[in-house]
Structures are given as C-alpha cells and as structure tokens.
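Here is what each chain is made of, one letter per residue.
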Amino acid sequence: MAKPVEQLESVVIRFAGDSGDGMQLTGGRFTSETALSGNDLATFPDFPAEIRAPAGSLPGVSGFQLHFADHDILTPGDRPDVLVAMNPAALKTNLRDLAKGGSLILDTDAFSDRNLKKAGYESNPLEDGSLADYQLHAVPLTSLTVGALKDVDGVTPREAERAKNMFALGLMSWLYGRETESTTSFIEKKFAKRPEIAAANLKAFNTGYHFGETSEAFVVQYEVKPATLPPGRYRQITGNTALSWGLVAASKLSGLDLFLGAYPITPASSILEELAKHKAFGVRTFQAEDEIAAVGAALGASFGGALGITTSAGPGIVLKSETVGLAVTLELPLVIVDVQRAGPSTGMPTKPEQADLLLVLHGRNGESPVPVLAASTPGDCFYAAIEAARVALTYRTPVYLLSDAYLANGTEPWLIPRIADLEPIQVEFARDGDGAFLPYRRDPETLARPWAIPGTHGLEHRIGGLEKANETGNVSYDPENHDLMTQLRAQKVAGISVPAQLVDHQEGADVLVLSWGGTYGPVQAGVRRVRKAGRKVAHAHLRWLSPFPANLGDVLRSYDRVLVPELNSGQLLQLVRARYLVDAVGYNRVTGKPFRAGEIADAVEAVL
Amino acid sequence: MAKPVEQLESVVIRFAGDSGDGMQLTGGRFTSETALSGNDLATFPDFPAEIRAPAGSLPGVSGFQLHFADHDILTPGDRPDVLVAMNPAALKTNLRDLAKGGSLILDTDAFSDRNLKKAGYESNPLEDGSLADYQLHAVPLTSLTVGALKDVDGVTPREAERAKNMFALGLMSWLYGRETESTTSFIEKKFAKRPEIAAANLKAFNTGYHFGETSEAFVVQYEVKPATLPPGRYRQITGNTALSWGLVAASKLSGLDLFLGAYPITPASSILEELAKHKAFGVRTFQAEDEIAAVGAALGASFGGALGITTSAGPGIVLKSETVGLAVTLELPLVIVDVQRAGPSTGMPTKPEQADLLLVLHGRNGESPVPVLAASTPGDCFYAAIEAARVALTYRTPVYLLSDAYLANGTEPWLIPRIADLEPIQVEFARDGDGAFLPYRRDPETLARPWAIPGTHGLEHRIGGLEKANETGNVSYDPENHDLMTQLRAQKVAGISVPAQLVDHQEGADVLVLSWGGTYGPVQAGVRRVRKAGRKVAHAHLRWLSPFPANLGDVLRSYDRVLVPELNSGQLLQLVRARYLVDAVGYNRVTGKPFRAGEIADAVEAVL
Amino acid sequence: MSELKLSMKDFKSDQEVRWCPGCGDYAILAAVQSFMPELGIARENIVFISGIGCAARFPYYMQTYGMHSIHGRAPAIATGLAVSRPDLSVWVVTGDGDALSIGGNHLIHALRRNVNVKILLFNNRIYGLTKGQYSPTSGQGKVTGSTPVGSVDYPFNPLALALGAGATFVARALDVDKPGLTDVLRRAAAHRGAALVEVFQNCNIYNDGEFDYIREQKDARTYLEQGQPFAATGIVHDEADFATAFALAQLTWEKDGVLPLGVFRDVDRASYDQLVQTQLDDAAAGGDLQALVSSGDTWSIG
Amino acid sequence: MSELKLSMKDFKSDQEVRWCPGCGDYAILAAVQSFMPELGIARENIVFISGIGCAARFPYYMQTYGMHSIHGRAPAIATGLAVSRPDLSVWVVTGDGDALSIGGNHLIHALRRNVNVKILLFNNRIYGLTKGQYSPTSGQGKVTGSTPVGSVDYPFNPLALALGAGATFVARALDVDKPGLTDVLRRAAAHRGAALVEVFQNCNIYNDGEFDYIREQKDARTYLEQGQPFAATGIVHDEADFATAFALAQLTWEKDGVLPLGVFRDVDRASYDQLVQTQLDDAAAGGDLQALVSSGDTWSIG
Ligand SMILES: Cc1ncc(C[n+]2csc(CCOP(=O)(O)OP(=O)(O)O)c2C)c(N)n1
Ligand SMILES: Cc1ncc(C[n+]2csc(CCOP(=O)(O)OP(=O)(O)O)c2C)c(N)n1
Ligand code: SF4
Ligand code: SF4
Ligand SMILES: [Mg+2]
Ligand SMILES: [Mg+2]
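Residue numbers (the numbering used here), protein chains in the order written: chain A, -8 to 599; chain B, -8 to 599; chain C, 3 to 304; chain D, 3 to 304.
Please keep in mind that the hints were generated in silico from the structure rather than gathered at the bench.
Honestly, I wouldn't trust all of these hints.
In silico SDA-like cross-links for lysine to any residue, where the CA-CA straight-line distance does not exceed 25 Å [said to hold, decoys possible]:
id	chain 1	residue 1	chain 2	residue 2
1	C	Lys11	B	Gly111
2	B	Lys268	D	Gly134
3	A	Lys83	A	Asp72
4	A	Lys184	A	Glu204
5	C	Lys11	B	Pro45
6	D	Lys7	D	Ser91
7	D	Lys7	D	Arg194
8	A	Lys268	C	Ser297
9	B	Lys268	D	Asp290
10	B	Lys108	A	Ser467
11	D	Lys14	B	Pro430
12	B	Lys180	B	Arg149
13	B	Lys584	B	Leu49
Here the structure is a predicted model, which means the values were calculated and not measured.
Please build the complete structure, drawing on both the sequences and the hints.
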C-alpha cells in the first residue's frame, strides 16, 4: 500500500560522501530528475582540490547540494533540510550545516571504527546520541546494495559496493517522487560498453527505490509541485557550458571562426574541454604550453581575423597581463575569460571569490584601459559571453569577462534560447586599396581603428607595442602624441555603449544594495527575505564594471545608504567611492563560499 | 686680456646632438665640473630608445640638460637658456624649448644640405633668418677641432672629428668659468689605453677653452657663484646608483647577503650592472632567463635567509606579479624595484611615467596586500632602498619600491652619508628546538611570522601557495580560516609603522598639493613659484602609498581643495578619493616627460 | 600567382631603418628582401612577427603585414596566426635573448609542434637593445655590462636545443654570407612546418668581431652537404638522422677548427596547422547551434 | 655527520598523503624516503621545492625543508636557493606539465647553467591534478579531456630536450622499480651540478597503463651500462659523449622494442654555485661601504 504524501514548497538536499563515492554523479542525476519534474532548482557542487584524497578522510569529502521548489528560487539554499552522508567524514564536515530537526540519511555500514577514527570521531555518533536532534534514517546502504547484486553475474564485490550511490539515488527518487526513466536510460547509455555494470547500477537504483516504498524507516513520501516558470523549453546548464556555448554563438553571430588559446586550470578547464568538442562549428582549440602562449596565440589569431579567446583563472590570469597590455595598444579584439577562484596565489582552487576585479582593471603597466563585464548566473554566462565578444569586435579591444567557481559548476534550469532571435554582430574588415592606409585612424562613432587582416591587398602594415603616432600608427616618441593616444585609448573604453543601470526599486526604500557578478542569486534572495519581513530595500546588480553605466552615479546618489556585498575585501566598493564620492559601505566575506541569502538579509537589516 | 664677467643666479644649458656625438658624456663632464664649482644642480639626460638611430636623423637626437645655480634648486629646468646643437636635427627637435633671446651655439660644419634634408629643413636656418630671435653663436666646431688635431699623430680624421664634443665642452667650460682639472684627468684615465686618443681629446678640450677666450664670437664670460647647501662632503649621483648603493647598505645594516635576481630592461638595467660590481660586499647578482625566473630566484634566496631583491620596469614588473603573489602568501621578505617607464605595453622605454601604482597595488589574483613606497629624488633612492628592505625584513613581506626613468638617470649633488650613522636593521631567524614549530604563529607586534631558514635543526617545515591554517601553516580549505588569514595578511600591511605625513604648510593656505614619487622636484619648485607670486599653497609629498600615513586623512580634510599632480591619469587620486572621500582633483599629464615647474604653478593657480 | 612579378624594392617599407651603422642586421635585411620575390607569394599573404630587441625591429622594414610584439612571445603569437590562417606565409624574426632567454619555452614548443612558421634567430651573442648584457649564447667568461668579471653561464647551443626539442628543420647561416643565407632561406621556405634558422650576426657596438673567423675569411665558411662527409670530421651528413645532426651541431670553431653552415636537419612531417585542419574537416562542418543548445535532457513549461 | 643515523621514517612528515589510491607517486615517495638516510645529510640541510600538480605535493610528505611553489617555477626558485646556499642539498620535484609545459624554460636554463639541483620529473604523460588533459609528453593521437578526438601535438622527449640544453646529468627510472630508481637517485645525488631524472609514473586515474610494458614485465627493464653495448642496438654507451646519449635517448619501446633505463649522461663540470662563489672569493671580501659612497669626484661645502 502506498504511503501518505506530504506537500512541500521547497527542499534543500545535500549529498555528501567520499570523492570515490560518486556524489557529483548522484547529485547530477537527482537534479535531472528534478528538472524533468518541472521544479525550479539551483545546485552547488563542492569538491576538494585533490583528485582523490585518501578514502574516508575529511579533505576527501565531496558534496553536492540541490535546492528545488514549486516557485522560482535563486540559490542552492543556505543550509540543507536533508543530508545524505555516505561515511563518518561526510557527516563530520556537513552536519554543522544541517538545520536542527532536519533529516539525516546515513550509510551505517560505513561507520567502522577505522572510518570513525579517520574522521576524528571519539565515539560513534550512531550510538552516542549526538544525532538526537535530527530525524535519523540509519540505512545499511552498502550491504543492502551488495546483497541485491549478489546474483548479477560478472560483477566483482568491489564493483557491487561502488553501486551504493545508485541505491541512495533510488531511495531519494522514491522519497521525492521523482520520475525514473531518465536515470534508467542514463545508466544504460553510460555503461553501454559494460552491460553487467549497467545491470548492477540499475538493480541498485531500483532496489533503493523499492526500499523506500517498503522499509519502515520511511513513513511518508514528499511532493514538490512544479514551479510556474516562464513558458518554454528548458534544460539544465552549468556556467562553464553556457559560457562555452555563448562563445560559439558569438562566432556564429559574427561570422568569424573561434580560436581558443587556453592552458588548463581549475575552474576554467571545462571551457577548453567543452569547446574542444565543437570542431563542427569551425572552433579551433589550442592547448598552449602556458597562459602567456595561450593569450599570445589568441591575439595572433585575432590579428589574422579570427575571434580570439583565452580562458583561465587566478594565477593564469595574472600571467596573461603583459600580453593583454599589448592587445590594448594594438587595439585588436580579444576576450579574456576569468573564472575567479579563491586567492591569493594558488589559494583554494575550487572555491569561488570575486577578488580579481581590480586585477583585471589595473594589472598592466602604464595607463591600459579595458572593458570588464561579469556574468550573474550560470545561464547568464551564455549571454555575457556574446556581449563580451560583441564589444571586443565592435571596439577592437581586449575585454575581460568575469565568472567564478560558483557559476562555473553550479546549475539552474535554462530557458533554451532561439538562436535566430539573437542579434547579429556586425564586423567589417578594412578593404582593399583606398590609397594610403592609416591603421590608427578611428571610427568617429566608436573610436575603433580599422581591422585590416593579412591577405588584404594594399593594406600591408606593421603594428607593435611601442607608442604609435595617431592615425599613421608609426612609432612615435612625441610627448603630445603620447598624451593624446593615452586619452584616446581611455575615451574609447569610456565611450562603450552599455545599457543604463536598472534598479529593482521598492517604493520608499532608502537603502540600495549594489552587487555584481556571481552573487546575484544570494543577494537578490536576501533582498526578498528582507522585503518578506516587511522592510523596504532596493537592489541594483551590475553587469558592466568598466565602463560603468552612465546613470550609475545618479542611481547611487538617489539613496541614503548604499551597501555593497562582495566576496572580496571591497573592490567594487573602492571604485564607486572614488568615482562618485558616495559613502557606500561594504559587506565583505572571503571564505571561499558563495553568500548565503540569510547573511545578506542580516547585513541589509543591519544598515536599515 | 680677460673678458668682462657677468654674474648669473642660475643657468639651464642643454647639449643636443647625434647619438654618436657623445652628448651624454659631454653633459656629464660639464656637470662634474659644475658640481666641483660648488653650484647646486640637477640634470636630465634624454636619449632615444634606439641604440644608434641613423646619423643626423630626428629620432637619433640625444640630449642632456643641466640646471645649475647659486641657490638650492629642484629641477633640471623647464626650458634651456642655452642650447648647444651639434647638427640640424638637434636644432630642429630642441629649438622649440629654447626661450626667445636665449643663446644658441651651433656647429656650422654640420649644416650640410644632406643633414638639413635629414632634419626636414627646407632652407638653412643659419641663412634664412629664422634664428633672429636668439643670440646665435655659429661656430665651425668640427673643422676647428679637426684643424687643431692635424698635428696629433696616430689619430685618424674620423677620430679627430669625433673629438668635437670635447671642443664644445672646452668652450662651455670657459664660458662659465668651470674648473678644468677634473676633465683633464678624466680624459687621461678614460683613454689610458690609447694615449693618442687621450691627447686628441685633451687638445680639443683645451682648444675649445682658448677659442672662448680669444674668439670675437664671445664677448662676455659668465659666473654663477657657489650655492650655500648644507655643509658636508658631496658627490653627484644618479637615482639608479643611489638605489643600488642603498641596497648594498641594507645588506650591511641587516647582516644578510644581498641576492639580486634580475633580467635586463630599460631603465632598470643599470642597477643590475652596478650591483654586479660589488662582489666584495658579498653581493650575488643573477641575470635570469626572464623576469619570472628573476623574482623566483630572489624568493628562493629569501627562503634561504638572504636579502632577496629583484629589479625591473614596465612589462617586466607585470611578469613578476604571480610570483609576488606567492611571496605574499609565503610571507617572506622580498624587495621588488619598479623603475617606471611610459606605457602601456612596451610604450616609450626611456621615458618616465608614474602609471604603475595601481599595478603594483592590485596586479595579483585574490586579496594580495603589499606595502609600496616611492623615492622622490635621485639621492633619495638610497634611503628609500634601505627603507624598503627594512620593512620587507621586519614584516616578512614583499615590498614594492617605485622609482622612474627620470630619477634613474637624473643626477643631483648628494650629501655623502656617514654609514656609521645609519640605523641597523634587526633581523632574527627562528632558532632551534623549542618544541612544535608553528611557521604561521605571528609576532603580536608586527604580525610577522617566524623566518626559519634551512639549516636550522628541528624547524624543518613546508610552506606553499595554497591557503594555510593559521599558526600551523598546514594546507586548509576551512572557510573561516581563509577569511581570517585574508584579514591577517591585510592587517599586517595596514599596521606597518610609517612616519606621519609632513606638510610644507603655509599660513593661510587652503589648497594642498599632494604629490608622490619622482615628481617631488618639479612640484615643489612649482609651489615655490606660486608662493613667490604672493599666493598661498601647501604641499605634501607622499613616500608611502601603502599603507598611507595614519594622519593623511586629517591632513587632506584640513584643506578646502586638494590638487594631485601625477604623471598618469589619476591613480593616487583614485586611492585618496576612495579612502577619504575628499573631492580631490588631479593634474594629469602623460607625455613621457617630467613635469615642468611652470605647468605645476599654472595648475595650482588654476585651483586657487 | 604566376603573373606575380615582385622585386626587392617592393619589400622595402617606407620606414627609415634604425640600426647602428655597420650592424649585421642590415645585411640580413637585404638578403631577405632580395630573396622574398623568389617566393612568388603576394606581399599581403606574408607576415613577419617579432618580439623585442634590435633584431625584432625587422618587421617595420618589410612591406608585408607585420607585428612587433613583446619580448620572447613571437613564436606563440605566430602559432595562433599560422594555425588559424594556414594560407599565410608566417615568419618570426628574433634575437638570441628574445628567442632563447625569455622566449625559450615558446620556441621549443613551436618546434615540437611543427607549427608552420619560419624562425630567423639573429644570434649576436649579446643583448643589443638594452646596451650590451650577456645572453644565453654568450661564451663563458664573457665580460659585459652585467658581468664585469666575466659570465659564469655555460651557453646554449641553439641548434642542439632545437634538435632536442624535436625540430623538423634546423639550419645555420651567416649575416654577410648572402649566397649561403639565401640558400638556407630557400630551403626553410620550402619546408612546410617549423624551421629554425640561426643567423650569426655581428653586433659591432657591443660584441664586435664575434664571428670574424668566418666573416673575415670567406674560405673558412664550410657548408653541409647531404650524404657527404663533413670536412675532415668524417661524419657523413644525413639531414634525416637526429643523432648525426646532433653530432654536427656539437662542432665548434674553437674546438674543431671548423664550423658547419647550412641545413643540419630537414624531415617532412605533417605540420601543426595541417593536423588541426584535418580534424576540423573530419568533423562534418556546419554545426547546428540550435540543436546544440537544445541537446541533453530538456523539458517544457507552460 | 658520521654519527648521523637516520632511517626512512625520519623522512616522513606528519602530513597525510593525498594521492589517489594506486598512484605511482606512492612508490616514488617510498623510494626517496628510504634512500635519503644514505645521503648522510641532516634533514635540516635538505630542501625539496616543487611547482604545482599531483607530483608537486611531494614536499609536504618529506620531513625536510620544503616549498610547494607555483606552476612551473620550481627550477627558478631552487636556483636562487642553491646559488645563495651552496651548503644545502636542493631537490626539485616536478611533473611533465610543470617541468615541460609551463616550466620548460626554467628547466632548460637550470640544466644549461649546471645549477646544483636534483630535478625529479614524474612523467605520467598527463595533467593529473587538473583532471586529465594531455601533456607535452602525451603521445600523438592521445584522447583526453581537452583532445576528444586525439591530440595533434608531437610529444617532447624529455631526455633529448635535456641533452639539447647541455645537461651534465640525465637519467631515466620507473616508479615501481625501486632498485633501479634508487641507483639513479644515488648517482644523481653524487653529481655536483644539475641532474635531470625522468621517472615514469603511472597515473591510474587518467592515464592508466601507460608504462605497463615495463611495469608489468620486470624482465623487460633494460639498464644502461657505461662502456657496454646497449641491448641489441650495438650502441656502446658512453656517459660522457653527447651524441651517444642522444642516440640512446631516441630509442622507444614502440619503435625499437627496448627502452633504456639508468644514466644516459654524467659529466663533471664546475657547478653554477661554485663558479659564482669563486668570483666572490676572488673579490677581496669585506667591501668598505663608506669608501664606496665617498668614491668619484667629490667636493666639500661649508
Ligand atoms: C618583458 C621584457 N623584458 C625585458 C625587456 C628588455 N629587453 C628588450 S630587448 C632585450 C634583449 C635583446 O637581446 P636580443 O634578443 O639578443 O636582441 P638584440 O637586441 O641583440 O638584437 C631585453 C632584455 C623587454 N622589452 N620586455
Ligand atoms: C599558472 C598556473 N597555470 C595552471 C595551473 C593549473 N595546473 C595545476 S597542476 C597543472 C598540470 C599538472 O600536470 P603535471 O605537471 O604533469 O603534474 P601531475 O598532476 O600530472 O602530477 C596545471 C595545468 C596552475 N595551478 N597555475
Ligand atoms: S646594438 Fe648591436 S645589434 Fe643593435 S643595432 Fe647596434 S649594432 Fe646592431
Ligand atoms: S590523478 Fe593520477 S597522478 Fe594525480 S594522484 Fe591521482 S593517480 Fe596520481
Ligand atoms: Mg642578441
Ligand atoms: Mg603529469
């Protein structure tokens, strides 16, 4: 007989286990099932920098958090309602986040003395009552799985054991009434080459599902109704995938072949890996010997008329700076993608941070102005990439596009765009003949210089890193010319047309929250909480950091107080204070974690 | 019979000629003679980036300007009173700077049709009357020299001709009554290996001197009385020499061997070349394969207990950024010297600029705080270098020392310091034993961590670029620890004790001029002019850019208006506006030239 | 392009040449400019890319497309251009500091990958532009601005390094030896893939006379011939054999009294751009972007 | 240090080792830790410096001084330390990406200069830490995360590159071959100057089985012996002869069915730190700073 079904508006589930336990896969699958059930959702995978830290160790714990709801949501959730912990280390590192009264699903088989010791437990939490405050579901996941797979032939005990994550997935799928076909076909596809493994995983999955139905341990089933999102066709997407596809789209929209010069680095590598798959779009990916060669090759390709892109993070972005400086003075298109991670130096490679803003603005010698924009959500990375390319190509300038480790790996439902609806990017190369060619004569509108690519008869010319005479581009040490060129380079960037700043204003609000980049979700969610609590607050989220929207000063001055939350020590804060002389205050946390909506709400309350 | 002697308070002379004409040598010698005559002086050599541009061409012109006076002066002078031009190109490029009525000494032999054409003259200025506004002294320098050297044997006509700069020097020496022994002995020393060349140059020098005495072309001789400078022993010094010696002094004062890792680059190379001479002081200079290796080697040496230094400019400073970021998180001493030049990119390598300030502050990924100070005059580079090393060693941090192309090559009389009077730099390495060693336990005073160098028994430990747990220094991904370490690194730099900001205040002044670095001379000179004109203005010159002096905010707020003149587009301006919310305004010129006292005076007048 | 008739002067740009009088770079420039018409390639399809240094000013003087980039990075920039524009003839001009000091890594990787660029390394064994510090090819004991009592570094042998990196074409020539230099340029141009040409170049200001033993005595110039024993060494030259080329690259005037000029190695291998292009061609072109963004698990709302 | 009695465990740090179970790095770590006592050098006088990568975590596990620096720069950092502290035993641990991709230039320059550092290059022919992209030593056609249809790069031969750079010591060993690896470590440690030791290392997660032909079949491990012809190749080994070492370095299992392990080259030359020290010693020490600042033309006022 079916169990009673309880309705929920939203749930936050965290899967936590050993790097070897396949938590990312489990979470990913559960997310797909959830997406197909029509909920709104947001995810946050959180894995260690080590490939595989020792089994059962604290640093080896890998987590995946999913927030899904029957209404539109903005974040993966501050703290889980449900924690699935595959071993003591996972329990130890994650329990602190679980709300009291939250439910806890544990694999009792993993709580051996050895594992408890590795996790630094004096006594066994399953027995010492330390879990009394939670709804504990202690399930022998491993033995149940191994038991169920006894009769699947061709499967070693080790392999059987490794299927326990599918048992857990099956169990959770039952608990929240997820559809199961997609996972079934996924497993069949994934292990097509090894049917016995496919069979084992399927068996584990189904066993877990039925265990839920039958076991006493679970008395109710939950249901979260579909959310009412804007109509259309959806898919899940991570920031790095969206960003990669946005670059491919920019290539299509501009009619220029995409050339990516990249050197692997966490959390940017997956952009290189994604673009490497798209040779059918004429995409060339070049894995260079280092970041300097990567950006150099991209610049060389731009000189040849391609859409030159380079992607990196942290230390790799720093290494590209000298070459970006060359691109600034050559005035050639180039997009530099910085997937920000926690620093300084190597820092915490898998963790998000927003501390590269001043680096990309000022990290070059001399006066070297560049446009900078930032993506705000995983799906937005697609549009931000197109925007970056559009500006680079239109104004003949390097452009920095900022993302971060949170956007890169986080997912959200993404309304699939109609490519035909995207605005084309007009690019005109300089053409043959017309008399003496002046490589630095600018377009009066955009101040862009002509882009004359090799192969164009009669436009042979030389450019370089030394200061150039206005219009002719010949080497010049003339003092006034240098001052003029310095101003022209600055004016070109300052004159880029960026949309006016929109404000999510609330009647009567005298406090403005100003955010940028990957914190959009948590900050907007925090703002909504404050409003739910009946207080008034406005929110503006910046896409363009250089140049700023023309109306930003007016926006800021139209509020009594401005709060700038950033995952750094106050970088945008410095820029707006200097530029507009507004006494804005910062809310700054540098923990390698995204903001929680709750802390933002508290920070806002504090200034109200 | 002796000619009448006219008294002058100060004179500005510019020697200009072909790169091959030895103008730098001529100017340098005249400067030495002048110094020995007890005048105060300041010089500004201005040479092309090319080693030798084609003879007679405009880009090939090399200049040397000297300002000397019977009172203390601050700059090489805005515009020359006397221009010595060895060829048409030199006249063409320099005449615009000569004050109307100024005297002009030309080598008529050089005004051939060929040279006139190369310099782009339609007609010969010696004949077309275009020089009517100047006191013209047209002298056949070359033929007079060649004539005089006919009877010196072993000297080719070519060699004889090349001695014409010594003829010019002799002439000027007479004109201003300079002492001549020093030049005589200089010539003998320099050409000791080729006595015939020595003889030729001496002959040319003396002939020039006597030509002055006897020729009709010169009716008066000038005298500039000695200046009354602080008593003591003086020598001339360039910024790069002073900086090099300051580093050697820091090594002596700290008792640590100096290790310089450097890669040649204009205008920093001469520091490497100077330090390479001082092996007797235990100085090790390592010419690395690039700037990254240079700073890396210096950091490796610091890890081993040496005083690690690296020097560079422009693009080279950018390349060092990643490694400086490592030094920030390793918290090891390191001094990075940036001899600023005009950018962006390769820019104008021999020209000064102040546009690397935001680069050195923010050019690294993540929150990566560093101390930054700047030298203000050539001689001050000595003390600034000691100061930089003192802070690096005391606080275990990389420190950026900013100089520029103007300080690097400019000279001024330098009161020779008594080494015994310099304050020692206390450095204590961590010592053996005391139980468990905590490489990141900080000194409560300075927040510096212990410096435990290899070879110390019992203190074996590992450090790296990943985030470290407070105190133990073990790798840590703990969120709160990262936030704490980020704050500790910032507090350490913010807490560096730097002297309170002094202000050259004038009773009743309500405008403050705030300057920093190599512009001290021209800015202070401009301020003095304004005061001479009877207006009131105050001047503060910053040595420390990070951290700022604790009282800087109060200083700025105590004036109605603040003017910030910089050889950039407003970098210090951005910092003080953001930090103190004062509506300071900038005076910004980016021409690759130092400020002229006159333009500063005008800029001040404009805000008065 | 059969009807293409170009002469040396067509390759001279309007820029005034700015090397010191007497610099070996003039001779190399003249040799290259007079060789270019032979290529039968239109000027707009030729690109010269350089780093920084005296040698690196070369592109300014060629009436082709050109980029005077940043120190050491020309091989990387040229790689991006050559891979994305296989239709162009891409040349890199670099100095011993530019190519072997700061740019060493890009050089060996360009050679390893067999990128279709012709790299002319002007080796004057000194840093010219920065006024005379020693370079990675300066002899041990060399007294320069940065080594007042002599350099302690063991120098690179640029050819051995190139061979160690797996170069498919390696040659050596002399600035003032126009016929020899031209032969090598011709062979390099004919080689599809990466070609490294070391050109001994006299810096008469900071390192004058470095190569006088062959600059002054024409008859001391000894050339490699495929299949022939080289001079008295008895080593039979084989442009296809690594070890042979390596052995010949070890010969020095000081040690052996003879120094090989000409082509040390020339083997034919698919160039990097060709291999990249093949992969693009294999991927059925004209990808459908709408299909891409609509791929994977999707669901409809409303 | 005669009375110095250390054992393997003295070289184990308190840090938990964090490589994947089954990674070849464990075997190398064990071999190094058990060899160290043989050196008879106190732990405080030994320093391990690494860049970034799985291999580069090595220093954390050694109870000596250590620095886990930044990607590719370990040879440069180690150079500064070795030159300023000739009393130390300095080791560099690096991966194929760290040493040959981003760090290639520092590697060849450290070898050229004969800096006194022992460089252990863990070559798993993959980027491990960044989750499996191809490296400069991955074979052409290798399918990896960044090369879904196979890499088009021609790989480096690390030993040939080192020889081309003029290395004075070059050797190859295998992670699980403890005796062979230990012999090579012993020889490297005994060599004053730069030593490059390539260690074939299995990455069982991203490039499993790369070296099975000698990892699995012990008898297929063939060692070089000075003065002896190598296997069936007939090449008589001479550790002092460049061309011989280069020829031997060209042998591959695929092509020749045999692959040399052991020391390819070992010649004795003054090391960089020794040459630097000599110049310091020659400069009569104890310079007089007061005299220096008072030098040149000076004058008095007042
Ligand atoms: C990043 C950077 N570092 C250093 C320099 C200074 N610099 C310019 S050219 C050069 C070396 C020149 O030597 P080489 O490459 O042999 O060329 P040559 O002048 O001898 O022809 C150096 C060190 C620079 N421009 N950029
Ligand atoms: C400047 C910089 N670029 C890129 C990275 C990312 N990264 C870390 S390790 C690594 C390569 C690792 O490969 P390898 O050196 O072979 O070591 P392995 O992990 O295989 O032992 C890369 C690209 C980085 N940390 N820093
Ligand atoms: S410095 Fe040397 S290399 Fe440079 S232009 Fe002059 S002679 Fe030629
Ligand atoms: S990824 Fe490969 S190299 Fe890295 S630890 Fe795991 S097995 Fe070893
Ligand atoms: Mg050179
Ligand atoms: Mg590897």
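Check your understanding: Regarding the pair Lys584(B) and Leu49(B), is the alpha-carbon distance no greater than 25 Å?
Key -> Given pair Lys584(B), Leu49(B) holds - Cα atoms ~18 Å apart, limit 25 Å.
Review point. Has the given pair, Lys184(A) with Glu204(A), been kept, meaning a C-alpha gap of at most 25 Å?
Key: violated (31 Å)
Point to revise | Agreement of Lys108(B) and Ser467(A) with the hint, judged by alpha carbon distance not exceeding 25 Å | key: holds (20 Å)
Check your understanding: Are Lys7(D) and Arg194(D) close enough, with their CA atoms no more than 25 Å apart?
Key -> Holds: Lys7(D) and Arg194(D) sit about 23 Å apart, inside 25 Å.
Exercise for review: Assess, step by step, whether the Cα of Lys7(D) is no farther than 25 Å from the Cα of Ser91(D), and give holds or violated.
Suggested key: Given that 25 Å is the threshold and the Cα spacing comes to 17 Å, the pair holds.
Review point. Can the restraint linking Lys268(B) and Gly134(D) be considered satisfied, given a maximum Cα separation of 25 Å?
Key: With a Cα-Cα distance of about 49 Å, the restraint between Lys268(B) and Gly134(D) is violated, given a limit of 25 Å.
Review point. Does Lys11(C) pair with Pro45(B) here, judged by a C-alpha cut-off of 25 Å?
Key: Given that 25 Å is the threshold and the Cα spacing comes to 20 Å, the pair holds.
Check your understanding: Is the straight-line distance between the alpha-carbon of Lys180(B) and that of Arg149(B) 25 Å or less?
Key -> Within the cut-off at roughly 22 Å; holds.
Review point. Lys268(B) and Asp290(D): Cα distance at most 25 Å?
Key: Satisfied, since the Cα-Cα distance of roughly 13 Å is no more than 25 Å.
Practice item. Could you grab the alpha-carbon distance between Lys11(C) and Gly111(B) and see if it respects the 25 Å cut-off? Key: holds (24 Å)
Review point. Regarding the pair Lys268(A) and Ser297(C), is the alpha-carbon distance no greater than 25 Å?
Key: holds (14 Å)
Check your understanding: Quick one, are Lys83(A) and Asp72(A) close enough, alpha carbons at most 25 Å?
Key -> Given pair Lys83(A), Asp72(A) holds - Cα atoms ~16 Å apart, limit 25 Å.
The structure shown violates the earlier hints numbered 2 and 4.
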